[in-house]
Structure formats: C-alpha cells, structure tokens
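Undergrad: Next come the chains, spelled out residue by residue.
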Amino acid sequence: MSGTWMTTRAWLLMLPLLIIMLAVIGWPMIDTVRLSFTDAKLVGASGNFVGVDNYLKMLGSSNFQRALWATTWFAVVSVTAEMVIGVLAALLLNQQFYGRTVLRALLILPWALPTVVNATLWRLIYNPEYGALNAALTQIGLLDSYRSWLGEPGTAMTALIVADCWKNFPLVALIALAALQAVPRDITSASLVDGAGSFARFRFVILPYLAGPLMVALVLRTIEAFKVFDIIWVMTRGGPANSTRTLSILVYQEAFSFQRAGSGASLALVVTLIVTVLAIGYGMLVRRAAGSAT
Amino acid sequence: MLKSIKKSLLGATLIAAVSAPHAFAETTLNALFMAQAAYSEADVRAMTDAFSKANPDVKVNLEFVPYEGLHDKAVLAQGSGSGYDVVLFDVIWPAEYATNNVLVDVSSRITDEMKKGVLPGAWTTVNYDGKSYGMPWILDTKYLFYNKEILEKAGIKAPPKTWAELNDQAKIIKDKGLLATPIAWSWSQAEAAICDYTTLVSAYGGEFLKDGKPAFTEGGGLDALKYMVDSYKSGLTNPNSKEFLEEDVRNVFQNGEAAFALNWTYMYNMANGGKDSKVAGKVGVVPAPGVEGKSTVSAVNGSMGLGVTTTSKHPDEAWKYIVHMTSQETQNAYAKLSLPIWASSYEDAAVTAGQEELIAAAKLGLAAMYPRPTTAKYQELSTALQQAIQEALLDQASPEDALKSAAENSGL
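Chain order of the listed sequences is A and B.
Counting from 1, one number per residue, gives the positions in the first sequence under the numbering used here.
Counting from 1, one number per residue, gives the positions in the second sequence under the numbering used here.
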C-alpha cells in the first residue's frame, strides 16, 4: 500500500470526528471571537460592533488585574504544593509495607469526588461556628477562639488552596506512582551498592524516570488551576471583598450575572489565550524532558 | 444484522404508538423554584400535587435551586431559547427581565378580583413601568427576632424600638456574660447583605438612586453602612456574620447563640416550633427597628413573584398554574413559612393561629417595606455594593470610600 493512500485513509477515518469537533468546539469559538467585538447582551439585543473596546476596557480595569493576580497566586501555590505532596505520597506508596493496597485505593477517593461535593465538605470543615478545623485547632491549643477562615481575605485564599490540594494531589501521586513502577530494580539496587544516599538516589536515579510523566501532570494541573471556578464558587463566590475572585469567576459574573455577553466573551478569550500560552510553553518543556530521559 | 435493525425499528414504532396519545393530551410545564427560605420544598410539591389533581392533563416538573443560582439559571435557560415555563423571580429583577424580554407581560390576565384582594404593597414586587410581569407569591421582609429567655435573664423588659437601643441591649447582654456576640446578620458577599443594608438605609431615611444616579454615598446610605461597621467593630455583632447567609443566621439563632437576629418570615415557625431548635417557644419577633427622629420601624421589600417566560409554549397552562399557586386558598393553607399576599387572610383565624406575634409584626413591617432600586443594571449595582460592605467591614476602606467606589463600579 502506498504512503499517500495510507494518509488519505487516515484523514477519511478522522473526518467524522473532525466535523463533530468543528461543530462543537470550532463554531462556538468563532462565535465567541465575533461576540467579543460587540456589546451584545446575553438575552435580547444581538449587539453592535465596538472594535477592541471590550478588550481595552477590561485590561485597564482594576477588577481584571486583581483577578489575574488572584488566579496566578492560586495556580502557582496550589500546583506547586500538589506536585510536592503528590511525589512524596507516590514515593511512600512505592515502599513495601502492610496495608499499602488499601492506602493506594484510598488515595484515589478525593480525586474521584465531584468538585462540588469536595467544596461543600471543606466549607463544613472551615465553618466558623461548628467546623472541624476550628474544633481541632482549639482542642490542641493552637487557637483560643474559632476563626472565620473563609470570611477573612488573609486566610480565604489559603483555605481554598488547601481544599484544592486535597482534591488534586492524588492525580499527581497516581501518575508518579505509575512512573516509579517503571524504574528498573537493578538500577536502584546498583546505586545502593555504589553507596548513593537516599537523596542522591532520588535526584540522579529515580527523578529522570519521573520527569516526563510529572511534566504531563504539571501541564494538566496548571491549566486546570488557571481555569478554577467551581470550588471557589461553592466556597466563597469570590468573597470576602473579592479576595478570591479569579478570572473564571469574573467571566461568569460579566457574561451571566451582568449579562454582558460581549465583554464576557473578550474576557474568556483572554483567559483562553493565557492558558494556551502556558500549554505551549509546557509542551516545549515536556519535549525537552522526554528527550533527556531517553 | 438487518433482522435486528428491523426488530428495533418495530420496537420503536410500538413505543411511539403507545406513548403518542399521551404526548398529545398532556402538557408538561417546567417550573423553577428556590430551595431555601419562605415555602419549603415539600410545601411547593404539595401545592403542585393539588394542582395536578385538579388538572390531570397538565404535568409540572419542579426544579429547585438555591437563591444564589435562581437569577442566573432563569436567564441562562432563556438565553438558550428553551427551558422553563414558570420561574420564581425576586423583587429586584422585573426591571431587568422586562428590558431583556425574559417575562411575559400578564397585565391583561390579572382580574379585578385579584387587583382588589391582594395587598397593594405586594404588587410592587411584579410591576415595572406600569406593567405586571407575574403574580406576587412570597410576601416577605426582614424582621428582628429575639431570644425572650436571654432578654429576660439580662433584665430587659421590651425588645428594641431603635437601632441604637439594639446596641444598648446587646451591650447589656455581652457585659453580663450571657453571650459574647449577641447579634447575628447575613453579611456574606451575597444579596443577603444588601437586604440587611437596605433595611438600615430605610431606617436612616436614605436613598439608593436620585435621578438614576447613585445617591447612597451620603446621608442615610452612608449612615447605614457606618452602623454596620460600628456594630461589627464593637464586638456586639457575631464576627462570622460576614460569612453568613440566612440559613447560617437561623442555625446560630436556634442554637441559642444569638440574642438578636435579622431574618425573613420563615425563621419564625422554624426556630419557634422546629424539632431541631433549642429555642423553641422562646422566639420573639418585632419589625426591624427605626432611628429616632427618622423612622419608627424599618423593612426591606424581599418579596418574590411567579411569572411566565417568553419562551414558554404553554403560556395559558403556565398562568393557570400560577393562579393556583398564588390563590388565597393555597396561600392560607401554607401560611406557616410565608404569609399570604391576600389582605383578608390576616383576619382569618386559621392563618393567624399560633403566630399572632408574627402577624402583628408583619402588619407594621409589610407596610414599611422599602424597595431596592429598580434598574436593569441591578445585578451590577448589587455586586458593587456587596463588595463595598465587605471592604468596610474588613477595614480595607472607610465606609465613605467603599461606597464611593461602589458608585463608580455600579454601571450607573
């Protein structure tokens, strides 16, 4: 069979999927771009062309800048913590010990829970009147009175990050655990014989095997964290005093609560752009990591 | 292969044939309600069952969402061109819904009997620009609830008549060590905070808008926010109030952890008679206080109405359902969590029995209901004000500056 026929056949086989993708992703995307240059409302008038007005207004607004900062902070801190905790958990679960299977099964639980359930659960834990966190901290003497964790700008974001970590570190741990199992035993044994300490063994023997898969986890988690919406919407709705209002919350308020479809669309596109740039940047890193691992 | 296709085609035809007669005779309505405050979900289901029994050809699908999701859900369904036939809407939305063609103008469907029977104030819930966009269904305002036992222990003879007096009494309770933080409010970054704020704005004789422009940055609007901040800083108010919604306030109050609480009608029977209430039988209720020289009581219009959406394919059946839900008979039967919109219901012993105190407070409160501004940009204004309230409470800005930036961000 000739190469061209193979290529043609491949495209033919992909055609139905491509058409569906264009219909459900391509068309809404193009329509969003069109909307972003209008002053359209969600309901009613289809809107007039206003050029780049929406973009200019939004990029200059303090709401956007604050939300961009809050989103970046949330993404950087939560993803870093999830990566570190995830790898540590994987290293632990890769050891031989009694009850390992049960622990591994338990690990998946937080990740498998729907985000809304997770968020509601943590809202109860943080409850200022009867929350478990307040009870625990006062009982061990770290606090002398109950605090309003989600009601103060200083602690609300951290509280959200902890909840997000609890839900998402298992994904990193699972990916890392799978990669760890691929590390050949003879190499780790050889490094032991050569007298490598545990840190050196991790850094020079194990980490190269983990780098590629961890990069994938990092890309997935960063993109998700940048788009974060549901966990925040359930727990604080962007409050107190907008301290946890991320870009996605801003998009939601603009497009749906205030019904300004036009400026909501422009805002959504800016978020898409940021996430795309991140994804491409990471993509290059993944390729480099994969190249160095082999 | 062919055989199995034939078989399933035959099956499909059979199913279609069996279900077709029903599909033609039966109308299905989709209705959107909320899952908190006023009538309980069980009440709404029971009211609807009664309607279905009387109208077997109309089926009603009920959907309940929290208040926080009600507006966006209704608007989103409308934006996609399908969805609900009947929606519950808050008093603050008719202007926006009318401007954006979400609700049908039902002025011509409202009978003289309805016009005469329903309390005049209730109509402000559904009217905009001289037209009616539905029927008022929940007639509500915020009341001041108090714990009789705690007041008695503190030696307080009568509940407060002014907001200043509320502070004095709370201070006595705090000083006597009965409660560390005697007052509970719903000041979360949500509409609930605006309802508390509006109650105070009405007490201080303030105004939200003047000639369509923000006027809350001075006078009564400013005094109201100052009162909230002072009450918060003095420690008389439960500091967690800035995270509370109405249900949190109810929890705190019925656990006996608040001497005073501002909340809607529904809390009265739930806290005073509910099984999970620790203060059952000890709950007192009065209209929200006034300000000396300015007002004797204060109140926010927190009523809600039922309307027919412009995308409904069955507007006649939808209206019939609304008439049933808002009828005096239905409302009288479920008057425990939400008081009727009908004037003569308040003379009916079946309605007033066991809640005489609430009815007495309602007579004063409902008459003083102050509206939140009617503007198509209400959601924006409210969001800006919510932020201002939180910033002032958290000491990130003075009340003056917070309200100024709210005015700038209000879109008006």
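Source of the hints: derived by calculation from the structure; they are not laboratory data.
Be aware that a few hints might be false.
[Claimed, not checked] Simulated pairs of lysine to any residue, SDA-like, Cα-Cα distance not exceeding 20 Å:
id	chain 1	residue 1	chain 2	residue 2
1	B	Lys-377	A	Phe-256
2	A	Lys-41	B	Lys-174
3	B	Lys-320	B	Glu-68
4	B	Lys-377	A	Ser-257
5	B	Lys-131	B	Asn-101
6	A	Lys-41	B	Thr-310
7	B	Lys-377	A	Asp-39
8	B	Lys-174	A	Val-116
9	B	Lys-59	B	Glu-26
10	B	Lys-73	A	Glu-129
11	B	Lys-377	A	Phe-258
12	B	Lys-73	A	Trp-111
Undergrad: Each hint needs a verdict: does it hold in this structure or not?
TA: Structure-based check of all given hints:
no.	hint	in the structure
1	B:Lys-377 <-> A:Phe-256	holds, 13 Å
2	A:Lys-41 <-> B:Lys-174	violated, 51 Å
3	B:Lys-320 <-> B:Glu-68	violated, 27 Å
4	B:Lys-377 <-> A:Ser-257	holds, 10 Å
5	B:Lys-131 <-> B:Asn-101	holds, 13 Å
6	A:Lys-41 <-> B:Thr-310	holds, 17 Å
7	B:Lys-377 <-> A:Asp-39	holds, 15 Å
8	B:Lys-174 <-> A:Val-116	violated, 38 Å
9	B:Lys-59 <-> B:Glu-26	holds, 7 Å
10	B:Lys-73 <-> A:Glu-129	violated, 30 Å
11	B:Lys-377 <-> A:Phe-258	holds, 7 Å
12	B:Lys-73 <-> A:Trp-111	violated, 28 Å
Hints 2, 3, 8, 10 and 12 from the list above are not met by this structure, while the remaining hints are.
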